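Peer 1: As you go down the protein sequences, you meet chains A and B in turn.
Take the first sequence: its letters are residues 2 to 424, numbered as in our numbering.
Take the second sequence: its letters are residues 2 to 424, numbered as in our numbering.
A hint or two may mislead.
Where chains are identical, the list cannot tell them apart; a pair therefore holds if satisfied intra-copy or between any two copies.
With a straight-line Cα cutoff of 30 Å, these simulated DSSO-like cross-link-like pairs (lysine-lysine) come out [what the hints assert, rightly or not]:
#1 K69 - K130
#2 K247 - K343
#3 K120 - K371
#4 K343 - K9
#5 K148 - K40
#6 K40 - K422
#7 K421 - K124
#8 K40 - K130
#9 K309 - K29
#10 K411 - K29
#11 K69 - K185
#12 K268 - K421
These are computed hints drawn from the structure, not numbers from a lab.
Since this is a predicted model, take the numbers as computed values, not measurements.
Protein chains: 2
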Amino acid sequence: MNIPETDKKRVVIIGGGFAGLHLAKGLKNSDFQIVMLDKNNFHTFQPLLYQVATAGLEPDSIAYPLRKLFKGSMDFYFRLAEVEEVVSGDNKLKTSIGEILYDYLVIATGTTTNFFGNKELEKNAMSMKSVSEALDLRSLILQNFEKALLTSSIEEREALMSIAIVGAGPTGVELAGALAELKKHVLPSDYPDLNIDRMKVQLIEMSDRVLPPMSASASEKALKYLNELGVEVKLGEAVDSYTDNKIKLRSGNELYAGTLIWAAGVKGNLLNGIPESSVERSRYIVDRYHRISGYKNIMAIGDIGIMKTDNFPDGLPMLAPVANQQGAHLAKALKVNWDMNKLKPFEYFDKGVMATVGRNRAVADLGKLKFGGLMAWMVWMFVHLLSLVGFRNRLITFFNWSYNYFNFDKGIRLIIRPYKKAE
Amino acid sequence: MNIPETDKKRVVIIGGGFAGLHLAKGLKNSDFQIVMLDKNNFHTFQPLLYQVATAGLEPDSIAYPLRKLFKGSMDFYFRLAEVEEVVSGDNKLKTSIGEILYDYLVIATGTTTNFFGNKELEKNAMSMKSVSEALDLRSLILQNFEKALLTSSIEEREALMSIAIVGAGPTGVELAGALAELKKHVLPSDYPDLNIDRMKVQLIEMSDRVLPPMSASASEKALKYLNELGVEVKLGEAVDSYTDNKIKLRSGNELYAGTLIWAAGVKGNLLNGIPESSVERSRYIVDRYHRISGYKNIMAIGDIGIMKTDNFPDGLPMLAPVANQQGAHLAKALKVNWDMNKLKPFEYFDKGVMATVGRNRAVADLGKLKFGGLMAWMVWMFVHLLSLVGFRNRLITFFNWSYNYFNFDKGIRLIIRPYKKAE
Numbered sequence: 002m003n004i005p006e007t008d009k010k011r012v013v014i015i016g017g018g019f020a021g022l023h024l025a026k027g028l029k030n031s032d033f034q035i036v037m038l039d040k041n042n043f044h045t046f047q048p049l050l051y052q053v054a055t056a057g058l059e060p061d062s063i064a065y066p067l068r069k070l071f072k073g074s075m076d077f078y079f080r081l082a083e084v085e086e087v088v089s090g091d092n093k094l095k096t097s098i099g100e101i102l103y104d105y106l107v108i109a110t111g112t113t114t115n116f117f118g119n120k121e122l123e124k125n126a127m128s129m130k131s132v133s134e135a136l137d138l139r140s141l142i143l144q145n146f147e148k149a150l151l152t153s154s155i156e157e158r159e160a161l162m163s164i165a166i167v168g169a170g171p172t173g174v175e176l177a178g179a180l181a182e183l184k185k186h187v188l189p190s191d192y193p194d195l196n197i198d199r200m201k202v203q204l205i206e207m208s209d210r211v212l213p214p215m216s217a218s219a220s221e222k223a224l225k226y227l228n229e230l231g232v233e234v235k236l237g238e239a240v241d242s243y244t245d246n247k248i249k250l251r252s253g254n255e256l257y258a259g260t261l262i263w264a265a266g267v268k269g270n271l272l273n274g275i276p277e278s279s280v281e282r283s284r285y286i287v288d289r290y291h292r293i294s295g296y297k298n299i300m301a302i303g304d305i306g307i308m309k310t311d312n313f314p315d316g317l318p319m320l321a322p323v324a325n326q327q328g329a330h331l332a333k334a335l336k337v338n339w340d341m342n343k344l345k346p347f348e349y350f351d352k353g354v355m356a357t358v359g360r361n362r363a364v365a366d367l368g369k370l371k372f373g374g375l376m377a378w379m380v381w382m383f384v385h386l387l388s389l390v391g392f393r394n395r396l397i398t399f400f401n402w403s404y405n406y407f408n409f410d411k412g413i414r415l416i417i418r419p420y421k422k423a424e
Numbered sequence: 002m003n004i005p006e007t008d009k010k011r012v013v014i015i016g017g018g019f020a021g022l023h024l025a026k027g028l029k030n031s032d033f034q035i036v037m038l039d040k041n042n043f044h045t046f047q048p049l050l051y052q053v054a055t056a057g058l059e060p061d062s063i064a065y066p067l068r069k070l071f072k073g074s075m076d077f078y079f080r081l082a083e084v085e086e087v088v089s090g091d092n093k094l095k096t097s098i099g100e101i102l103y104d105y106l107v108i109a110t111g112t113t114t115n116f117f118g119n120k121e122l123e124k125n126a127m128s129m130k131s132v133s134e135a136l137d138l139r140s141l142i143l144q145n146f147e148k149a150l151l152t153s154s155i156e157e158r159e160a161l162m163s164i165a166i167v168g169a170g171p172t173g174v175e176l177a178g179a180l181a182e183l184k185k186h187v188l189p190s191d192y193p194d195l196n197i198d199r200m201k202v203q204l205i206e207m208s209d210r211v212l213p214p215m216s217a218s219a220s221e222k223a224l225k226y227l228n229e230l231g232v233e234v235k236l237g238e239a240v241d242s243y244t245d246n247k248i249k250l251r252s253g254n255e256l257y258a259g260t261l262i263w264a265a266g267v268k269g270n271l272l273n274g275i276p277e278s279s280v281e282r283s284r285y286i287v288d289r290y291h292r293i294s295g296y297k298n299i300m301a302i303g304d305i306g307i308m309k310t311d312n313f314p315d316g317l318p319m320l321a322p323v324a325n326q327q328g329a330h331l332a333k334a335l336k337v338n339w340d341m342n343k344l345k346p347f348e349y350f351d352k353g354v355m356a357t358v359g360r361n362r363a364v365a366d367l368g369k370l371k372f373g374g375l376m377a378w379m380v381w382m383f384v385h386l387l388s389l390v391g392f393r394n395r396l397i398t399f400f401n402w403s404y405n406y407f408n409f410d411k412g413i414r415l416i417i418r419p420y421k422k423a424e
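The following block holds chain A by itself, in its conformation from the complex:
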């Protein structure tokens, strides 16, 4: 890897997501040598992936080159690599670009889509956890519309135009809302020879309400917004199978959709070499100082870790603010070398949760303050704009949002690389 051996302790961070980024920022120009490994050369702003998939934002405005972010940092080394194994006995990592020793190892690999072992769904459904998956989704939705023009079967045409989303968490709700807006404002003029009224946007949720992690009032409002936008919400339903545009639900009911988006679960990107005993629900069990159970110098932060606190006995939620705060806290822990006189156990400062459904429609639970509508939507936009990495990305996103808002448009409906289904 050509990384110099120095007197400094080496911290290897796997993953340049929210957690890894905040840790590396916290350690910038400190007494550590920092090595960051990621399989992409950019940070992805995951909360806005759904806007890439629905032609509202270009992929390049929610991705930020990691090298640019750490420009000028002392003793910072980025390498494009995939990690194959942790050999903790030797304080060593095996990777796609060779081996590397560490003094401290931080796993911040996040999560990937969880199909819970259903191979058929894994093959036929789309996931949306990376920029290229979001681009594939954008392509497939548009390709299906182009295909719908060609068939003489009304049933097939309607299925090709229709989309089903499994899982009504924030991702599912935001996707459903954005697709409903495409249906309302964009697709009728793009496809004048299709009857867009027959397009269905269907949201399938196993529990009895949308946005299950949010307050009851947020769920209620979000459901109302989804209904207003024409989204067909199926609560208390789960998907058994999906082939040839047909979705079989556990209840026996059937739905049709040319595109099925799976937003119903995630699992941690676990690494080889860390035993099962340190894992719970596919994530690493960590103490309040981010150390993985059974290790002193291997830590996990962000979604890949499961940290239980008094307020969150089941584990902290998998949210960007948790990852950010954990990254910053771990930087402090490393700098004071876990000196308990100088370090308090990690406590999540809960700023609240928000989800947007469509223009002027969002819901927010900010502590005891629960509100919706235009106000929540504006707060949502403001917070997301400020959280984007980089001035360029913020300005381009702001411009796109303004443009889309005033023109009722989502301008980036390009099939740059057609999606080809894996065989």
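On the provided structure of chain A, position chain B as indicated by the hints.
Peer 2: Relative to chain A, chain B alone:
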């Protein structure tokens, strides 16, 4: 294809490039039914592809959805399709999505990279004629830098960092200039552990000057600019082979580069079914009314046609303005049904040629006015901004250019989909 049969005559346009676009615009809401076929659902602004390849612009700002462009047009049908054969006896096209009859057929398929039969170069060199090829190029250049970090061989490292461009036409010169600026302003801080001074940007040209189609004074100025930027220009040289990062030149000299970009020739995207007798130098011979030699209702416009005029006895140059003007002229010809009282033979109104080398450095031949430097660069930017399709694209491009100018940056250095060499 589900395109209704009407009383109107049907014009089938193959290709949504400059020529096809201007023809379709000219025929908007006329007495024809228009069917446009393209293998992409967007128009590509080819003159700026090199900025996508060099991380200066996002792909989405030089691509424009064709459906959006013809929103609200009467009797306009777009279909995503590849044409397989022209059956002119039956006035019929065979395509990837079925057959279609035409009254008039307009071939506006443009050109593709011409490797002149060298299979090895075709496999190992990169071309840059489409958005996805430009993205592949961006990925490969960045991937090679990541790889350069890993090798312990100095020779290999320098080869991986180095880039060679074959062909010093506008594309080659503009690419070389943009890469030299990446070398100067961006890569040193992105790769502090590489010695970027050892990166070579090499421009190989068979003739004895750069920009051979332009004036002698433009060639001279462009060469001076390229030298100032540190581009190594090899004139009177041609490439014989390229394997394992080694370029063998016809003179026997050798160069090294991890990326070889082939901008040394194009050939027409010819269709099956039109005989060789209508083809010259891989393009369709057309009369001054765009009709392909031997046909009355099959026309060719833009780069795919070769039209000879008194001022251009070898054929008009392959430039966007020619394509634009031909598209508009053919629309007129169709509307007056080739009534020679109302139609003059096509005449190219030559607005001049420009090429940009780098910031504040461009050359322009505008009629008798030949100039360079800051003024030419500003004119170049102004003309290209105005020529971009769509307000959104213009504004985002303008913002990117301003941002890049003031920050000496090219911010979009993302490897979103790694480039994998074909086997």
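Peer 1: All hints, please: hold or fail.
Peer 2: Hint check results:
Both within a single protomer and between protomers do K69 and K130 lie at most 30 Å apart by alpha-carbon distance, with minima of 23 Å and 28 Å respectively. In the homo-oligomer, the alpha carbons of K247 and K343 never lie at most 30 Å apart, since the shortest distance is 58 Å inside one protomer and 58 Å across protomers. Proximity of K120 and K371 under a CA criterion of 30 Å is satisfied in neither setting, with 40 Å inside one chain copy and 65 Å between copies. Taking the shortest alpha-carbon separations for K343 and K9, only the intra-copy value of 21 Å comes in at or below 30 Å, while the best inter-copy value is 82 Å.
Taking the shortest Cα distances, K148 and K40 sit within 30 Å of each other only across copies (13 Å), while inside one copy they are farther apart (34 Å). Taking CA atoms no more than 30 Å apart as the test, K40 paired with K422 passes in both settings, with 23 Å inside one copy and 18 Å between copies. Taking CA atoms no more than 30 Å apart as the test, K421 paired with K124 passes in both settings, with 12 Å inside one copy and 22 Å between copies. Proximity of K40 to K130 under the C-alpha cut-off of 30 Å is found in both arrangements, the shortest distances being 14 Å within a copy and 28 Å between copies.
Taking the closest pair of Cα atoms, K309 and K29 come within 30 Å of each other only inside a single copy of the chain (28 Å); across copies the shortest separation is 64 Å, beyond that limit. For the homomeric pair K411 and K29, the shortest alpha-carbon distance between copies (24 Å) is at most 30 Å, but the shortest distance inside one copy (38 Å) is not. Taking the closest pair of Cα atoms, K69 and K185 come within 30 Å of each other only across two copies (15 Å); inside a single copy the shortest separation is 39 Å, beyond that limit. Within a single copy, K268 and K421 get their C-alpha atoms as close as 25 Å, and across copies as close as 28 Å, so both meet the 30 Å cut-off.
When each numbered hint is compared with the structure, violations occur for hints 2, 3.
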